[in-house]
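Chemist: So the protein sequences, as listed, match chains A, B and C.
Under our numbering, read the first sequence as residues 1 to 244, first letter to last.
Under our numbering, read the second sequence as residues 1 to 291, first letter to last.
Under our numbering, read the third sequence as residues 1 to 328, first letter to last.
No wet-lab data here; the hints were simulated from the structure.
Please read these numbers as outputs of a predicted model, since none were measured by experiment.
One should not assume that every hint holds.
[As the list claims (entries may be wrong)] Derived contacts from chain C toward chain A, CB cut-off under 7 Å, selection only:
#1 F22
#2 A101
#3 A204
#4 G216
Ideal Cβ positions, reconstructed from N, Cα and C, are used throughout, including at glycine.
Residues per chain are reported as follows:
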Amino acid sequence: MTALLHVEKVGKRFGGFVALQDIDLEVQPGERLGLIGPNGSGKSTLVNCICGTLRNEQGSVSFGGAAMDGLTAHQRTRLGLARSFQLPRPFGSLTLAENLRIPILYAVNARGERTLSGAAIDARCLELLGQVGLADKARQMPRDLTQIEMRKLELARAMAADPKLLISDEAMAGLSHAEVDEILALLIRLNGQGVTVIMIEHIMRAVMAFSQRLAVLVAGRKIADGDPKAVVREPEVVRAYLGE
Amino acid sequence: MDASADLLINALISGLLLGGFYAAVSVGVAISFGMLDIVNIAHPAVILLGSYVAFIGNTVFGIDPILATVITLPVFYLLGMVAYQVYYVAFERRDDQSLRGLSFFFGILFIAEVGLILSFGVDYRSVQAWYVSGNLNLGIIELPWRLLVPFLLGMAMVVGLQLYLSRTFIGRAIQAVAQDQQALRLMAANPTKIKRIAFGLSFATAALGGAALIIIQPVEPSIGREYIGRVFAICVLGGLGSFPGMMIAAVTLGIVENLTATFFGPSWAPAVAFGVLLVTLAVRPSGILGR
Amino acid sequence: MASLVAKDAEREAPRGLGHVAFILVMVAVAAVVFMITRSIGNSYAFFAAYVVVQYMVLGTAWNILGGYTGYVNFGVTAFFAIGAYSTVVLHKLTPWMPLPAMILIGGVMAALVGLGTGYLTLRLRGVFFSIATLALAVVVQTLITNWDFVGGARGAYVMRPRIAPLIGGDYIQYLFLVMLGLCVIALATARAIERSALGYGFAAIRDDEAAAEASGVPTLGLKLIATALSGGFMGMAGAPLPYYVTYLDPSSGFSLNYAVNAIAMPLIGGTSSWLGPIVGAILVGGLQEYIRVTISSAVNVLVAGVLMVAFVILAPQGIVGLFQRKKR
Ligand SMILES: Nc1ncnc2c1ncn2[C@@H]1O[C@H](COP(=O)(O)OP(=O)(O)OP(=O)(O)O)[C@@H](O)[C@H]1O
Ligand SMILES: [Mg+2]
Chain A
1 MTALLHVEKV
11 GKRFGGFVAL
21 QDIDLEVQPG
31 ERLGLIGPNG
41 SGKSTLVNCI
51 CGTLRNEQGS
61 VSFGGAAMDG
71 LTAHQRTRLG
81 LARSFQLPRP
91 FGSLTLAENL
101 RIPILYAVNA
111 RGERTLSGAA
121 IDARCLELLG
131 QVGLADKARQ
141 MPRDLTQIEM
151 RKLELARAMA
161 ADPKLLISDE
171 AMAGLSHAEV
181 DEILALLIRL
191 NGQGVTVIMI
201 EHIMRAVMAF
211 SQRLAVLVAG
221 RKIADGDPKA
231 VVREPEVVRA
241 YLGE
Chain B
1 MDASADLLIN
11 ALISGLLLGG
21 FYAAVSVGVA
31 ISFGMLDIVN
41 IAHPAVILLG
51 SYVAFIGNTV
61 FGIDPILATV
71 ITLPVFYLLG
81 MVAYQVYYVA
91 FERRDDQSLR
101 GLSFFFGILF
111 IAEVGLILSF
121 GVDYRSVQAW
131 YVSGNLNLGI
141 IELPWRLLVP
151 FLLGMAMVVG
161 LQLYLSRTFI
171 GRAIQAVAQD
181 QQALRLMAAN
191 PTKIKRIAFG
201 LSFATAALGG
211 AALIIIQPVE
221 PSIGREYIGR
231 VFAICVLGGL
241 GSFPGMMIAA
251 VTLGIVENLT
261 ATFFGPSWAP
271 AVAFGVLLVT
281 LAVRPSGILG
291 R
Chain C
1 MASLVAKDAE
11 REAPRGLGHV
21 AFILVMVAVA
31 AVVFMITRSI
41 GNSYAFFAAY
51 VVVQYMVLGT
61 AWNILGGYTG
71 YVNFGVTAFF
81 AIGAYSTVVL
91 HKLTPWMPLP
101 AMILIGGVMA
111 ALVGLGTGYL
121 TLRLRGVFFS
131 IATLALAVVV
141 QTLITNWDFV
151 GGARGAYVMR
161 PRIAPLIGGD
171 YIQYLFLVML
181 GLCVIALATA
191 RAIERSALGY
201 GFAAIRDDEA
211 AAEASGVPTL
221 GLKLIATALS
231 GGFMGMAGAP
241 LPYYVTYLDP
251 SSGFSLNYAV
261 NAIAMPLIGG
271 TSSWLGPIVG
281 AILVGGLQEY
291 IRVTISSAVN
301 VLVAGVLMVA
311 FVILAPQGIV
321 GLFQRKKR
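Could you put the whole structure together from the sequences, leaning on the hints where they help?
Modeler: See the structure below:
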């Protein structure tokens, strides 16, 4: 079986600062991967390089067998890569429903496999908002949301692109115990429908419940990758976390 | 052949001097755009205000044009602080810098230009001082004081500001403000206050640059527009916020403009700055000294 | 280009009128305006009304880029003058060409310049685009000043035909009618954009470009479309100018007034909908005309600048925004 996502020797610098170095990562179709690491270890930067929001200077990313290098972020999204932003970036002048309309118009419809129009788009937006518990706020503006609700909107917008691979960047931070379970169930359900999911999270309970495999980044390097229970016992991982 | 070599040397030297003057009018933008990330396209209007202050001081009160502007520097400094405060309250805090913040400065530029036309008319105005005519004779070459004085003024401003920015607490805070507001707060410095001071400084340098401008050439209200392109071309080409880069860019532009005027005619000179700007943005937006 | 824009055959049920109905209503309004102006019975009314409608087109054009995508174009005069000078050239080379054809050519020229400028600078932060457009205005002005064929710095005289084609009467009536038609086209375009996938894409770009890209919006392509459309309409608004003024020189063709008015009107009227520039143009244009007659023409040019500064500080949503609390 060929990997859905193939990250090879990816490196990224900010000025003189090395944010990522020699990152290798494979994700199989249908897999649920957890990605953890201390603050500032480069998780979001890796997401940005995978999705084309940032350009990696070294290495390459391929998705579904095709090289992503040189492709813009929107081209990657159209090919089935979607992500949520860790710091929510909603479209401030659009209602929640309209926020979801953007990926439907520009990712789903542009893909050409199926074209939603008119009422179907509205219905799909409501359905997605319902899945993250925001259905009753469909006509509100993002500025009326709490930070936590914005996280949910982020996730819904990523889901609206109908991705093959969904990367959720700390969608659960700040959520209550019950809400974490809700989002967890949602991501697992999505995965059950065939969507490959990478979950970045600090809440270990959720990570352990979710992940079939776990990768650990520390200071821009991948230091472990494998069975979650085994990975969290690896001395290097333990040291990275206790050293915090 | 000899004549054209002469022309070339002349163009190079006066281009160099012109570059020093360009640094004087651009250094304020290097602060406001380069360090504070505020795109004050009304900067040339402030330069012109400085020119007209020099003009009034010189013709009405009979004082030296540079001195006249120096006396009013505190006023320009305050004006800059007020301008930043308005900008902060109305745009930065609302996170509306790009559309309305830019338009705000554009409106100010226009109002200032029309205001100057209403008060002084569209005639060219100039000042009287010993250095407005005459040359410094260095044997082989003659340097016109008219260019030399603004050049020296510009150099003094850049060196003085560089020292201020690197040696004083507030100066270092100004340099830090664009990069890391959080760290600044930890240093117990209020970013808004720092920016206010910096913007006041930017206005003050513009006024001094205005005195230099009216020494170099007579001014009229719409002349400011030519300087929008120049100052931004210089700051972008120099790599935003870097004084050494800005100096190199200013001298480069001065020389290229002078060569253009000498060999193609003065009517082509205004396009040079903008051409340089467009090419820089297209090819190397981080500037010559940029990464 | 077609693949850039998401397919959306039928959109949600359009709020209010459908596109065709809207155009019909606008044509009717334009016809009424024309009849009223004609009934006043002197050509001054046409000259004054022409200016206001020209600013409606300019303001709408600016708003397609500035209001919808958030990219500020300060080089309005460059695009406007490209349209105007393209007519000067056509008038010399092909004097028989009908005005609408000249307008179309002027618009295409300006759109191409918009595309070029955008292609060079739209990858960068928005402010660089804005600075580049300021630069563009001076570059184009310098080129024209040095181009003898169109009169150079001396300017060019363009004979205005005496009689209006089709409708008879003074030629200014024809100019006004053409400008009205252009205005209807510009408004219908702007309104159609607002309600299309294109409009949603523009709004996403305005709100957050990285998020827009991540949602599949081809931001560079859409910005280029907006720049070309916007520049094209500016060029079209400028194309009839030589016949209006009959003498065109660089300093009047590149007057900062055009840029200030074109930017002020949408900002005053409101940038979020097609109605804003119209409201702004009527208000500012009317006020300017009033002040020009009652006080002085020197003060009248200040109006737009002062109002614009006041509005961006005190009422950033503009007049339309004051009336409708929620956008879109
Ligand atoms: N645009 C940028 N410019 C400069 N440095 C950056 C930039 N983005 C990230 N960094 C730096 O790169 C490092 C990795 O950041 P990143 O956001 O990827 O970490 P992370 O693992 O996602 O952390 P967190 O758990 O806090 O989200 C950090 O030191 C950060 O300061
Ligand atoms: Mg992160």
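Chemist: Take the hints in turn and mark each one as holding or not.
Modeler: Outcome of the hint check:
no.: 1; hint: F22; result: 19 Å, violated
no.: 2; hint: A101; result: 36 Å, violated
no.: 3; hint: A204; result: 5 Å, holds
no.: 4; hint: G216; result: 3 Å, holds
When held up to the earlier numbered hints, the structure conflicts with 1 and 2 and fits the remainder.
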